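Chemist: Protein chains in written order, with our numbering: chain X, 3 to 180; chain U, 538 to 1006; chain C, 2 to 359.
Treat each hint with caution, since some may be false.
Below, a list of computed lysine to any residue pairs in the SDA-like style, where the Cα atoms sit at most 25 Å apart [what the hints assert, rightly or not]:
| hint | chain 1 | residue 1 | chain 2 | residue 2 |
| --- | --- | --- | --- | --- |
| 1 | U | Lys692 | X | Lys133 |
| 2 | X | Lys166 | U | Ile608 |
| 3 | X | Lys93 | U | Met695 |
| 4 | X | Lys93 | U | Leu576 |
| 5 | U | Lys632 | U | Ser687 |
| 6 | X | Lys112 | X | Val14 |
| 7 | U | Lys633 | U | Leu576 |
| 8 | X | Lys142 | U | Val796 |
| 9 | X | Lys26 | X | Thr15 |
| 10 | X | Lys133 | C | Met71 |
| 11 | X | Lys133 | U | Asp600 |
| 12 | U | Lys692 | X | Val22 |
| 13 | X | Lys26 | X | Lys87 |
| 14 | U | Lys546 | X | Val14 |
One side of the interface only, derived from the structure: several residues of chain C facing chain X at Cβ under 7 Å [claimed, not checked]:
| hint | residue |
| --- | --- |
| 15 | Val84 |
| 16 | Met85 |
| 17 | Leu89 |
| 18 | Pro91 |
| 19 | Ala94 |
| 20 | Tyr134 |
| 21 | Leu174 |
Some residues of chain X that are not near chain U, with every Cβ distance over 12 Å (derived) [claimed, not checked]:
| hint | residue |
| --- | --- |
| 22 | Ile47 |
| 23 | Lys93 |
| 24 | Gly100 |
| 25 | Ser141 |
| 26 | Leu164 |
Keep in mind the hints are simulated off the structure, nothing from the lab.
Source: prediction; values computed, not measured.
Each residue gets a CB set at the ideal place from its N, CA and C atoms; glycine is no exception.
These are the residues of each chain, in order.
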Amino acid sequence: MLTSAFYFIAFVTIFFAIMVVVSKNPIHSVLYLVLTFFCISANYIFMLDATFVGMVNVIVYAGAIMVLFLYVLMMMNLNAIAEQKRSVLFKISAAVTGGMLLLVLVAALKDANLQIQGSALEAEQRIGSIKVLGYVLYSKYQLPFEVASILFLVAMIGAVVLGKKDNSTKTIGIEPVK
Amino acid sequence: MNEALLLMKPELIVTVIIFILLILHVARENSSPAYLLNLINGLLFINFLCGFFFNREGTLFGDMYVTNGLIVLEKNILNLGMLLISLQATDWLKKKDFIVEFYVLLLTTLLGMFFMLSSNNLLMFYLGLELSSIPLAALANFELEKRKSSEAAMKFIMSSAFSSGLLLFGISMLYGTTGTLNFAQLAMLIDGNPLQLFSFILLLAGFGFKISAVPFHLWTADVYEGSPVAVTSYLSVISKGAILFVMASVLFTVFKPLVETWYNMLYLLAVLTMIIGNLFAIRQQNLKRFLAFSSIAQVGFILIGMSGSSQEATASVIYFVLIYVFSNLGAFGVIALVSAQTGKEEIDDYKGFYLSNPMLALVMTLSLFSLAGIPPTAGFFGKFFLLMAGAGKGNFVLITIAALNMVISLYYYLRIVKVMFMEKNETPMEKLQISLFPRISLLTCMAGIILIGFTTLLYDYIFSLSTSF
Amino acid sequence: MFSLENITNTTHTWLNQTFSPTLALLTEFLIVGVLVIGLFAVLGLVLVFMERKVSAVMQIRLGPNRVGPMGIFQTLADTLKLVMKEGLTPNGADKFLFNLAPFVVMITAMLILAPIAFAKGFQMWDINIGVLYVSAISSISVIGILMAGWASNNKYSLLGAMRSGAQIVSYELSAGLAVLSIVILSGSLSISDIIASQQNGWWIFKGHIPAIIAFVIFIIAVTAETNRAPFDLAEAESELTAGFHTEYSGMKFALFFLAEYVNIFIVCAIGATLFFGGWMPFHIGSWTAFNNIMDYIPSSIWFFGKTFFLIFLIMWFRWTFPRLRIDQLLNLEWKYLLPISMFNLLLMTFVAIMGWYF
């Protein structure tokens, strides 16, 4: 039951992911991406029993990041015509490269030591529960958690700086440069 | 409690400086640029000095944070570079509005590098890496009115996001096969099965992007050219140096079991990087682009040293980075002065530079000699130790290729010297003002380039700190 | 005594005795689906009528009074009119997205109903992270609105959608922080646990000052999130014709209209659950006699009473405050509400740690 559900969700996820790449219209791509994120969340919730992670995935990716994506795309008013045409050679070489990567990855996965992989999943089985997650986040992973928050703060400062206009260079622009 | 504070001293001091700047910015919005720059450079100097006292060894937060003598030394080298760059940038920053923001972003990247150096866990390593690269994208765009600057920032953030993606993919697969992110445990569990090899290749590609080794170097020249000079020198010296330190420690600890595999990869990367970096450096017209390719070629030499995988290898990489800080910052210091006062960055603009600015031309020449590895400058000794470490493996084809490349690099470094000393210019540059801070910085670089070569104490000290492979 | 819990329980046992468990489960799904759609239809009719009557009282006029006694069938007549109208799709619109958008908005509204407890033991899905689920799903509705605005191929629609997006994304933060402060007090994200923790008094009384601040912030934020006046910039009639649904007509317009009112109901239900104890009757500490008297009033009446009180509050806002400008709107959120709610969260944590609540 669980295995077939996994195959179903995985198939749908991959289908939407392919649609993201294939669709001509960027807005459609983003909307398919939202669906992809939903499917990934479904995977978290039903397969790993990690409801919290699944919900946070929906809030952060589908709810916040994708909305900003949509925002930017709608403001720029991109459409199918604006996309530049690529040569056949380019497409073929991209397909060959991607195919080779897939081949290597599948081959590597085939021979991977699955026992270790199983034990890794076993050890972190209860990570999905919010109590366990909160405890681990504030004990074992305290430092990474704090560093991540610094990262966000700095990213925000950087974005604000880029958004501001530098007044001093403007006046230099008017004066003849020495 | 006290012990924990002392262990994390470098990070805490940088954090405190960031907070001082932020609070100062809110409290006194109209501080004059000169006041701010004096204050900040003073703070950075204190930060540099503090690096030498009360150093402890130990771990914190479980396995997340580790520090020892070698890591402290690496952090001191980064602090020194940070101070030198800050001193050199004063002329340019005086005209800017966002001095505080500039330093906040710059110091956070430094903080990220510290965390990255002290990481004993791939998660912490990744976070440190991101913290040290995302603010740099904003810094690359600091010339807000210039299109080139925006282009540089865009290219930088794209390539760094892509390489972080590769790194994360590799890390997640490594986690999948071993079930741990801790360096020591990983080293025990890695047995070279295909998935681990695959993840290692992804990690190496991620590193390759960050240190701009060929074939992952395509972003380098454009980003170096478009960014402000201070940011370019930061990218080429501090950022690259920090990642080289971490790369050495990750390769030598986590991937120790795979040493046979990655020796060949480093061999290939080193040869490609040296040859392509050198060949492209020959035909550059912009001085910043020129230094970009020269720094790519230098990375090739460092990779040779790293491929030695021995105690000498660690020591020679750190020693070379220290010398590289002095020599590259000497060259960038001159470019920063010229660029801030005249806006000229082309090689042709430097024709007859010696006649108008003899001192600066001398500084530039000495730095270029050191980069080329001409004795008795420090650069010679740096390269010498790198090649010695590389020769430890007994692969003399590699050493021969490296020697040939050193000859090629002589050609283009000396070309700049020839332009400055021998060629005539109808519109020569006027005499440039060298204010106190850049003067201190350039003098320090010169002292470093000349003195380090004459004493073996420093190399012995680094060697004693390095762990055996 | 009349109780919704008994009805559900008897239905459940009867279904399981008569049919196989799978079939029984499917039948229950079907019943719940029909009930939700029925609830939506009734809510739409009642709330629109209520809004018109409330606005009439505020403006000292009569309001709808022709169709049926006191005009109670007015909304039914309006619905009929809308159903019979032609559903136009403008030229140059992205047909698929244009037609999909109203359903996206509607379905997200339906999904949010899942964890809400309408009465004692009358809850569709007691998910253990109920509050988080609500905020996750409510953040999706903005995608439907953006879709509608963009697919209409009309600049007014696009502008309205953009404004609405900015508004919802920003006010979600302070709404989320206000919700979090109650989560801190009750120590659980599950709706049923939160209600159970109000056994001896509602949080708005028990958590005193920080809870009241959180409630005020919550009401302001959800008013903005549902795009209601004074935050109705998304459809500001005097500037943008009708905002993101300018091009919609007939039944598709009706869906948007319905979704707006259903969303108001939902946010008020959440507010009632978090701050006023949901279906929990008005209890005071250990006054057993008083509490028992209060228990005689059915829990569903408590729940709907509180919810409709909050709905009335939000309607009151609409007819008394003038509309904000977009910059005032964003300033209000980012410079005032967000810092206040962050500080309030800190205060609430402090209060919870020190045990300064009842």
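Chemist: Could you check if Pro91(C) really has its C-beta closer than 7 Å to a C-beta on chain X?
Modeler: 16 Å, violated
Chemist: Please verify that the nearest CB of chain U lies beyond 12 Å from Gly100(X)'s CB.
Modeler: Fine: 14 Å to the nearest Cβ keeps Gly100(X) off the interface.
Chemist: Measuring Cβ to Cβ, find out whether Lys93(X) lies farther than 12 Å from everything in chain U.
Modeler: It holds; Lys93(X) is separated from chain U by about 20 Å at its closest Cβ, greater than 12 Å.
Chemist: Confirm or reject the statement that Leu164(X) sits farther than 12 Å, beta carbon to beta carbon, from all of chain U.
Modeler: 6 Å, violated
Chemist: Checking hints one by one. Is Val84(C) an interface residue toward chain X, by the C-beta closer than 7 Å rule?
Modeler: 28 Å, violated
Chemist: Check the hint pairing Lys93(X) with Leu576(U) against an upper bound of 25 Å on the C-alpha distance.
Modeler: Roughly 55 Å between the alpha carbons, so the hint for Lys93(X) and Leu576(U) is violated.
Chemist: Would the hint on Leu89(C) stand, with a C-beta cut-off of 7 Å toward chain X?
Modeler: 21 Å, violated
Chemist: Taking 12 Å as the cut and beta carbons as the points, is Ser141(X) off the interface with chain U?
Modeler: For Ser141(X), whose nearest Cβ neighbour in chain U is about 8 Å away, the distance does not exceed 12 Å, so it is violated.
Chemist: Does Met85(C) pass the interface hint, meaning its C-beta sits closer than 7 Å to a C-beta of chain X?
Modeler: Constraint on Met85(C) not satisfied, violated at 32 Å.
Chemist: Assess, step by step, whether the Cα of Lys546(U) is no farther than 25 Å from the Cα of Val14(X), and give holds or violated.
Modeler: With Cα atoms ~50 Å apart, Lys546(U) and Val14(X) exceed 25 Å; violated.
Chemist: So if I understand the rule, the pair passes when the alpha-carbon distance is 25 Å or less; does Lys133(X) with Asp600(U) pass?
Modeler: Since the Cα atoms of Lys133(X) and Asp600(U) sit roughly 22 Å apart, the hinted pair holds (cutoff 25 Å).
Chemist: For the pair we were handed, Lys93(X) and Met695(U), check the Cα-Cα distance against 25 Å.
Modeler: 21 Å, holds
Comparing the model with each earlier hint shows violations of hints 1, 2, 4, 8, 10, 14, 15, 16, 17, 18, 19, 21, 25, 26; every other hint is respected.
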